[in-house]
Amino acid sequence: MHRIPDDRADTGLDEPNTSAATAALLAISEEDHYTSGVPYMLKNVFKGILIGFTLIGLGALLPACGEKSEKIRIGYSDWPGWVAWEIAIEKGMFKEKGVDVEFVWFDNYVESLQAMDAGKLDGNCQTWNDTIFSLATTGAPMKAVLINDNSAGNDGVVANGITSLKDLKGKTVAAEEGTVSHFVLLTALKKAGLSQDDVEFKNMFVPDASNAVTLGNVSAAALWQPSLFNAMQEKGMNLLFTSKEMPGLIPDMLVFHEKVTSERKEDIQKIVEVWFEVMEFIENNPDEAYAIMAKKVNQTPENYKTFVNGTRFFTLEDNLNAYTKGSDDSSLYGSGATIAKFYTEVPALNITEAPAFEAAIDDSFVKAIE
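Quick note, our numbering runs 1 ahead of the 1-based positions in the sequence shown.
Be a bit skeptical, because a hint or two may be false.
[Said to hold, decoys possible] Listed below are the simulated SDA-like cross-link pairs for lysine to any residue, each with C-alpha atoms no more than 25 Å apart in a straight line: (1) Lys-191 - Ala-338; (2) Lys-296 - Asp-329; (3) Lys-167 - Glu-346.
Just so you know, these hints were derived from the structure itself, not from any lab.
Predicted, not measured: the structure shown is a model, and the values here were computed from it.
My request is simple: use the sequences and hints to build the entire structure.
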(Lines of atoms letter the chains of each structure in order from A; the text may use other names.)
(Lines give C-alpha, C1' and ligand atoms only; values in the text may rest on other atoms or scores of the structure.)
Protein backbone atom coordinates (compact mmCIF):
# COMPACT_ATOMS: atom_id res chain seq x y z
CA MET A 2 0.00 0.00 0.00
CA HIS A 3 1.82 2.99 -1.27
CA ARG A 4 2.33 6.65 -0.67
CA ILE A 5 3.74 8.35 -3.75
CA PRO A 6 4.83 11.95 -3.09
CA ASP A 7 4.72 14.78 -5.58
CA ASP A 8 7.97 15.41 -7.47
CA ARG A 9 10.59 17.18 -5.37
CA ALA A 10 13.28 19.55 -6.51
CA ASP A 11 16.91 18.69 -5.87
CA THR A 12 18.04 19.84 -2.43
CA GLY A 13 21.77 19.80 -3.07
CA LEU A 14 22.29 16.68 -0.98
CA ASP A 15 23.85 13.57 -2.44
CA GLU A 16 21.26 11.44 -4.20
CA PRO A 17 21.69 8.41 -6.46
CA ASN A 18 21.64 8.96 -10.21
CA THR A 19 18.81 6.64 -11.19
CA SER A 20 17.57 8.63 -14.18
CA ALA A 21 17.47 5.85 -16.80
CA ALA A 22 15.89 3.20 -14.64
CA THR A 23 13.65 5.76 -12.97
CA ALA A 24 12.33 7.01 -16.30
CA ALA A 25 11.46 3.50 -17.41
CA LEU A 26 9.81 2.62 -14.10
CA LEU A 27 7.80 5.82 -14.07
CA ALA A 28 6.69 5.21 -17.65
CA ILE A 29 5.24 1.86 -16.62
CA SER A 30 3.80 3.31 -13.40
CA GLU A 31 2.13 6.19 -15.22
CA GLU A 32 0.64 3.88 -17.84
CA ASP A 33 -0.76 1.68 -15.08
CA HIS A 34 -2.34 4.59 -13.24
CA TYR A 35 -3.54 6.76 -16.06
CA THR A 36 -4.79 4.17 -18.54
CA SER A 37 -6.17 1.44 -16.34
CA GLY A 38 -6.26 3.09 -12.91
CA VAL A 39 -4.85 -0.09 -11.31
CA PRO A 40 -1.76 0.08 -9.02
CA TYR A 41 1.45 -1.38 -10.45
CA MET A 42 1.22 -4.46 -8.19
CA LEU A 43 -2.01 -5.56 -9.74
CA LYS A 44 -0.84 -5.81 -13.33
CA ASN A 45 -0.56 -9.03 -15.25
CA VAL A 46 2.52 -11.16 -15.78
CA PHE A 47 3.54 -9.24 -18.89
CA LYS A 48 3.75 -5.99 -16.96
CA GLY A 49 5.71 -7.81 -14.29
CA ILE A 50 8.25 -8.83 -16.93
CA LEU A 51 8.55 -5.22 -18.10
CA ILE A 52 9.21 -4.04 -14.56
CA GLY A 53 11.76 -6.81 -14.23
CA PHE A 54 13.66 -5.50 -17.24
CA THR A 55 13.67 -1.96 -15.88
CA LEU A 56 15.05 -3.27 -12.60
CA ILE A 57 17.98 -4.67 -14.57
CA GLY A 58 18.80 -1.06 -15.38
CA LEU A 59 18.26 -0.08 -11.76
CA GLY A 60 20.47 -3.01 -10.74
CA ALA A 61 23.36 -1.59 -12.73
CA LEU A 62 23.22 1.40 -10.42
CA LEU A 63 22.37 -0.33 -7.15
CA PRO A 64 24.64 -3.29 -6.24
CA ALA A 65 22.81 -6.31 -4.88
CA CYS A 66 22.63 -6.68 -1.12
CA GLY A 67 25.02 -9.27 0.21
CA GLU A 68 27.88 -8.21 -2.12
CA LYS A 69 31.32 -7.55 -0.69
CA SER A 70 30.64 -3.86 0.02
CA GLU A 71 30.49 -3.32 3.77
CA LYS A 72 28.00 -0.51 3.43
CA ILE A 73 24.46 -1.25 4.47
CA ARG A 74 22.18 0.27 1.84
CA ILE A 75 18.80 1.53 3.02
CA GLY A 76 16.11 3.09 0.85
CA TYR A 77 14.11 6.05 2.16
CA SER A 78 11.63 8.48 0.69
CA ASP A 79 9.36 11.43 1.41
CA TRP A 80 7.55 10.69 4.66
CA PRO A 81 8.33 12.53 7.92
CA GLY A 82 9.16 9.37 9.84
CA TRP A 83 11.73 8.46 7.20
CA VAL A 84 12.99 11.93 6.34
CA ALA A 85 13.96 12.12 10.02
CA TRP A 86 16.92 9.85 9.17
CA GLU A 87 18.37 12.92 7.45
CA ILE A 88 19.15 14.27 10.92
CA ALA A 89 21.34 11.25 11.65
CA ILE A 90 23.05 11.62 8.29
CA GLU A 91 23.76 15.33 8.65
CA LYS A 92 24.86 15.05 12.29
CA GLY A 93 27.21 12.12 11.66
CA MET A 94 25.41 9.81 14.10
CA PHE A 95 26.16 6.65 12.12
CA LYS A 96 29.87 7.46 11.95
CA GLU A 97 29.92 7.99 15.71
CA LYS A 98 28.33 4.54 16.12
CA GLY A 99 30.93 2.99 13.86
CA VAL A 100 28.47 1.67 11.28
CA ASP A 101 28.85 2.27 7.54
CA VAL A 102 25.39 3.10 6.17
CA GLU A 103 24.33 4.51 2.84
CA PHE A 104 20.81 5.91 2.70
CA VAL A 105 19.51 5.87 -0.89
CA TRP A 106 16.89 8.51 -1.58
CA PHE A 107 13.92 7.70 -3.80
CA ASP A 108 11.70 10.51 -5.06
CA ASN A 109 9.13 7.81 -5.80
CA TYR A 110 8.35 5.50 -2.90
CA VAL A 111 7.21 2.69 -5.23
CA GLU A 112 10.69 2.50 -6.70
CA SER A 113 12.15 1.83 -3.26
CA LEU A 114 9.74 -1.10 -2.86
CA GLN A 115 10.72 -2.44 -6.27
CA ALA A 116 14.42 -2.12 -5.46
CA MET A 117 13.88 -3.85 -2.12
CA ASP A 118 11.93 -6.71 -3.68
CA ALA A 119 14.66 -7.08 -6.33
CA GLY A 120 17.35 -7.39 -3.65
CA LYS A 121 19.06 -4.13 -4.60
CA LEU A 122 18.73 -2.75 -1.09
CA ASP A 123 19.63 -4.30 2.25
CA GLY A 124 16.73 -2.52 3.89
CA ASN A 125 14.00 -0.05 3.18
CA CYS A 126 11.73 2.43 4.93
CA GLN A 127 8.23 1.22 4.14
CA THR A 128 4.80 0.78 5.61
CA TRP A 129 3.64 -2.28 7.51
CA ASN A 130 0.93 -2.50 4.88
CA ASP A 131 3.40 -2.74 1.99
CA THR A 132 5.59 -5.16 3.91
CA ILE A 133 2.68 -7.54 4.39
CA PHE A 134 1.71 -7.21 0.72
CA SER A 135 5.28 -7.99 -0.34
CA LEU A 136 5.34 -11.05 1.90
CA ALA A 137 2.17 -12.25 0.17
CA THR A 138 3.31 -11.58 -3.39
CA THR A 139 7.06 -12.27 -3.38
CA GLY A 140 7.48 -14.70 -0.50
CA ALA A 141 10.86 -13.12 0.26
CA PRO A 142 11.57 -13.28 4.01
CA MET A 143 11.89 -9.86 5.60
CA LYS A 144 12.18 -8.51 9.11
CA ALA A 145 10.54 -5.37 10.47
CA VAL A 146 13.08 -4.26 13.07
CA LEU A 147 11.86 -0.76 14.01
CA ILE A 148 8.76 1.40 13.91
CA ASN A 149 9.61 4.97 12.95
CA ASP A 150 6.13 6.39 13.35
CA ASN A 151 2.40 6.00 12.98
CA SER A 152 0.39 8.25 10.71
CA ALA A 153 -1.62 10.46 13.04
CA GLY A 154 -3.39 12.79 10.66
CA ASN A 155 -1.25 12.73 7.52
CA ASP A 156 -3.80 10.52 5.74
CA GLY A 157 -7.44 11.49 5.47
CA VAL A 158 -10.71 11.82 3.58
CA VAL A 159 -11.58 15.25 2.20
CA ALA A 160 -14.84 16.33 0.60
CA ASN A 161 -15.96 19.22 -1.56
CA GLY A 162 -18.99 20.91 -0.01
CA ILE A 163 -19.90 17.87 2.11
CA THR A 164 -19.51 17.98 5.88
CA SER A 165 -20.43 14.46 7.01
CA LEU A 166 -19.20 10.97 6.18
CA LYS A 167 -22.81 9.76 6.13
CA ASP A 168 -23.56 12.24 3.36
CA LEU A 169 -21.12 10.39 1.08
CA LYS A 170 -23.77 7.74 0.45
CA GLY A 171 -24.45 7.62 -3.29
CA LYS A 172 -21.63 10.06 -4.03
CA THR A 173 -18.51 9.54 -6.13
CA VAL A 174 -15.48 8.94 -3.93
CA ALA A 175 -11.89 8.52 -5.15
CA ALA A 176 -8.96 6.56 -3.74
CA GLU A 177 -6.08 4.53 -5.11
CA GLU A 178 -7.25 0.93 -5.01
CA GLY A 179 -5.29 -1.38 -2.74
CA THR A 180 -3.26 1.42 -1.17
CA VAL A 181 -3.17 3.18 2.18
CA SER A 182 -5.65 5.73 0.84
CA HIS A 183 -8.13 2.95 0.01
CA PHE A 184 -7.58 1.44 3.44
CA VAL A 185 -8.29 4.81 5.08
CA LEU A 186 -11.40 5.32 2.97
CA LEU A 187 -12.92 1.96 3.91
CA THR A 188 -12.14 2.58 7.58
CA ALA A 189 -13.84 5.99 7.41
CA LEU A 190 -16.91 4.60 5.65
CA LYS A 191 -17.20 1.83 8.21
CA LYS A 192 -17.18 4.42 10.99
CA ALA A 193 -20.23 6.03 9.35
CA GLY A 194 -22.01 2.70 8.96
CA LEU A 195 -21.26 2.60 5.23
CA SER A 196 -19.26 0.37 2.91
CA GLN A 197 -17.73 0.78 -0.52
CA ASP A 198 -21.00 -0.54 -1.99
CA ASP A 199 -22.75 2.58 -0.66
CA VAL A 200 -20.64 4.96 -2.76
CA GLU A 201 -19.56 5.18 -6.36
CA PHE A 202 -15.90 4.25 -6.04
CA LYS A 203 -13.43 5.75 -8.49
CA ASN A 204 -9.91 4.34 -8.64
CA MET A 205 -7.44 7.22 -9.01
CA PHE A 206 -3.79 7.94 -8.38
CA VAL A 207 -3.66 10.09 -5.21
CA PRO A 208 -2.42 13.39 -6.76
CA ASP A 209 -5.11 13.04 -9.44
CA ALA A 210 -7.75 12.35 -6.80
CA SER A 211 -6.65 15.52 -5.02
CA ASN A 212 -7.13 17.56 -8.19
CA ALA A 213 -10.45 15.86 -8.95
CA VAL A 214 -12.00 16.62 -5.57
CA THR A 215 -10.91 20.26 -5.53
CA LEU A 216 -12.33 20.72 -9.04
CA GLY A 217 -15.58 19.06 -8.03
CA ASN A 218 -15.17 16.11 -10.41
CA VAL A 219 -15.60 13.76 -7.45
CA SER A 220 -17.36 14.48 -4.17
CA ALA A 221 -14.62 13.17 -1.87
CA ALA A 222 -11.18 11.61 -1.95
CA ALA A 223 -8.85 9.74 0.36
CA LEU A 224 -5.45 11.42 0.30
CA TRP A 225 -2.09 11.56 2.04
CA GLN A 226 0.49 14.31 2.43
CA PRO A 227 1.34 16.54 0.70
CA SER A 228 -1.78 16.08 -1.47
CA LEU A 229 -3.96 16.28 1.64
CA PHE A 230 -2.42 19.61 2.68
CA ASN A 231 -2.72 21.02 -0.85
CA ALA A 232 -6.38 20.03 -1.19
CA MET A 233 -7.31 21.60 2.12
CA GLN A 234 -5.99 24.97 0.96
CA GLU A 235 -8.84 25.19 -1.56
CA LYS A 236 -12.18 26.85 -0.85
CA GLY A 237 -15.07 24.60 0.14
CA MET A 238 -12.94 21.64 1.20
CA ASN A 239 -13.80 19.79 4.41
CA LEU A 240 -11.73 17.23 6.27
CA LEU A 241 -14.11 14.41 7.21
CA PHE A 242 -11.71 11.82 8.64
CA THR A 243 -7.99 11.42 9.35
CA SER A 244 -5.62 8.64 10.30
CA LYS A 245 -5.57 10.11 13.80
CA GLU A 246 -8.89 8.28 14.24
CA MET A 247 -7.35 4.91 13.38
CA PRO A 248 -4.27 4.76 15.67
CA GLY A 249 -1.88 1.89 15.10
CA LEU A 250 -3.17 0.97 11.65
CA ILE A 251 -0.57 2.81 9.55
CA PRO A 252 2.86 1.96 10.99
CA ASP A 253 5.88 3.23 9.04
CA MET A 254 8.90 1.01 9.56
CA LEU A 255 12.48 0.04 8.88
CA VAL A 256 12.54 -3.35 7.18
CA PHE A 257 15.51 -5.54 6.22
CA HIS A 258 15.96 -8.73 4.27
CA GLU A 259 16.12 -11.57 6.78
CA LYS A 260 19.60 -12.57 5.58
CA VAL A 261 20.91 -9.09 6.41
CA THR A 262 19.54 -9.16 9.96
CA SER A 263 21.29 -12.47 10.61
CA GLU A 264 24.61 -11.65 8.94
CA ARG A 265 24.90 -7.99 10.06
CA LYS A 266 23.19 -8.20 13.44
CA GLU A 267 25.58 -5.83 15.25
CA ASP A 268 25.32 -3.20 12.53
CA ILE A 269 21.53 -3.38 12.45
CA GLN A 270 21.53 -2.95 16.22
CA LYS A 271 23.57 0.24 15.89
CA ILE A 272 21.23 1.60 13.22
CA VAL A 273 18.22 1.00 15.46
CA GLU A 274 20.00 2.71 18.35
CA VAL A 275 20.69 5.74 16.14
CA TRP A 276 16.95 6.15 15.58
CA PHE A 277 16.40 6.84 19.25
CA GLU A 278 19.24 9.37 19.19
CA VAL A 279 17.32 11.08 16.37
CA MET A 280 14.21 11.10 18.56
CA GLU A 281 16.18 12.76 21.35
CA PHE A 282 17.58 15.34 18.94
CA ILE A 283 14.09 16.24 17.66
CA GLU A 284 12.84 16.63 21.23
CA ASN A 285 15.72 18.86 22.28
CA ASN A 286 16.22 20.79 19.02
CA PRO A 287 12.87 20.85 17.21
CA ASP A 288 13.50 23.95 15.08
CA GLU A 289 16.84 22.70 13.79
CA ALA A 290 15.43 19.21 13.26
CA TYR A 291 12.47 20.47 11.20
CA ALA A 292 14.78 22.70 9.16
CA ILE A 293 16.97 19.72 8.27
CA MET A 294 13.96 17.61 7.29
CA ALA A 295 12.25 20.40 5.34
CA LYS A 296 15.40 21.09 3.34
CA LYS A 297 15.55 17.49 2.17
CA VAL A 298 12.08 17.63 0.61
CA ASN A 299 12.24 21.23 -0.61
CA GLN A 300 9.69 22.55 1.88
CA THR A 301 9.78 25.49 4.25
CA PRO A 302 10.20 24.55 7.93
CA GLU A 303 6.86 26.22 8.64
CA ASN A 304 4.99 24.05 6.13
CA TYR A 305 6.86 20.95 7.19
CA LYS A 306 5.64 21.34 10.76
CA THR A 307 2.14 20.59 9.42
CA PHE A 308 3.34 17.20 8.23
CA VAL A 309 5.24 16.56 11.45
CA ASN A 310 2.11 17.34 13.46
CA GLY A 311 0.35 14.54 11.60
CA THR A 312 3.10 12.10 12.48
CA ARG A 313 3.46 10.26 15.78
CA PHE A 314 7.18 9.54 16.04
CA PHE A 315 7.89 6.32 17.91
CA THR A 316 10.11 6.27 20.98
CA LEU A 317 11.66 3.15 22.47
CA GLU A 318 8.68 2.72 24.78
CA ASP A 319 6.28 3.07 21.83
CA ASN A 320 8.22 0.42 19.95
CA LEU A 321 8.28 -2.01 22.85
CA ASN A 322 4.53 -1.63 23.29
CA ALA A 323 3.81 -2.12 19.59
CA TYR A 324 6.03 -5.22 19.39
CA THR A 325 4.12 -6.82 22.26
CA LYS A 326 1.77 -9.51 21.04
CA GLY A 327 -1.85 -8.44 21.22
CA SER A 328 -5.08 -8.37 19.26
CA ASP A 329 -5.70 -4.62 19.26
CA ASP A 330 -4.38 -2.29 16.57
CA SER A 331 -1.71 -0.80 18.84
CA SER A 332 0.17 -4.10 18.47
CA LEU A 333 1.86 -5.04 15.19
CA TYR A 334 0.12 -8.39 15.54
CA GLY A 335 -3.31 -6.80 15.80
CA SER A 336 -2.76 -4.20 13.09
CA GLY A 337 -1.15 -6.87 10.92
CA ALA A 338 -4.27 -9.01 11.14
CA THR A 339 -6.48 -6.05 10.20
CA ILE A 340 -4.25 -5.15 7.25
CA ALA A 341 -4.03 -8.75 6.04
CA LYS A 342 -7.83 -9.02 6.12
CA PHE A 343 -8.11 -5.80 4.10
CA TYR A 344 -6.14 -7.33 1.25
CA THR A 345 -8.61 -10.18 0.95
CA GLU A 346 -11.46 -7.66 0.64
CA VAL A 347 -10.08 -5.87 -2.44
CA PRO A 348 -11.16 -7.96 -5.47
CA ALA A 349 -8.59 -6.43 -7.82
CA LEU A 350 -5.73 -7.73 -5.64
CA ASN A 351 -6.89 -11.33 -6.09
CA ILE A 352 -5.66 -12.34 -2.62
CA THR A 353 -7.99 -14.99 -1.28
CA GLU A 354 -6.18 -15.83 1.96
CA ALA A 355 -4.93 -13.38 4.56
CA PRO A 356 -1.14 -13.06 4.15
CA ALA A 357 1.03 -14.57 6.88
CA PHE A 358 3.03 -11.81 8.57
CA GLU A 359 4.03 -12.77 12.12
CA ALA A 360 7.43 -14.16 11.10
CA ALA A 361 8.36 -10.67 9.84
CA ILE A 362 8.00 -9.12 13.30
CA ASP A 363 11.47 -8.96 14.85
CA ASP A 364 11.54 -7.31 18.27
CA SER A 365 15.08 -8.41 19.16
CA PHE A 366 16.74 -5.12 18.23
CA VAL A 367 14.46 -2.79 20.17
CA LYS A 368 14.41 -5.18 23.12
CA ALA A 369 18.20 -5.21 23.20
CA ILE A 370 18.13 -1.50 24.13
CA GLU A 371 16.01 -2.00 27.27
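Going through the numbered hints above, which ones does this structure break? Give me the numbers in ascending order. Going through the list in order, the structure violates hint 2 alone and respects the others.
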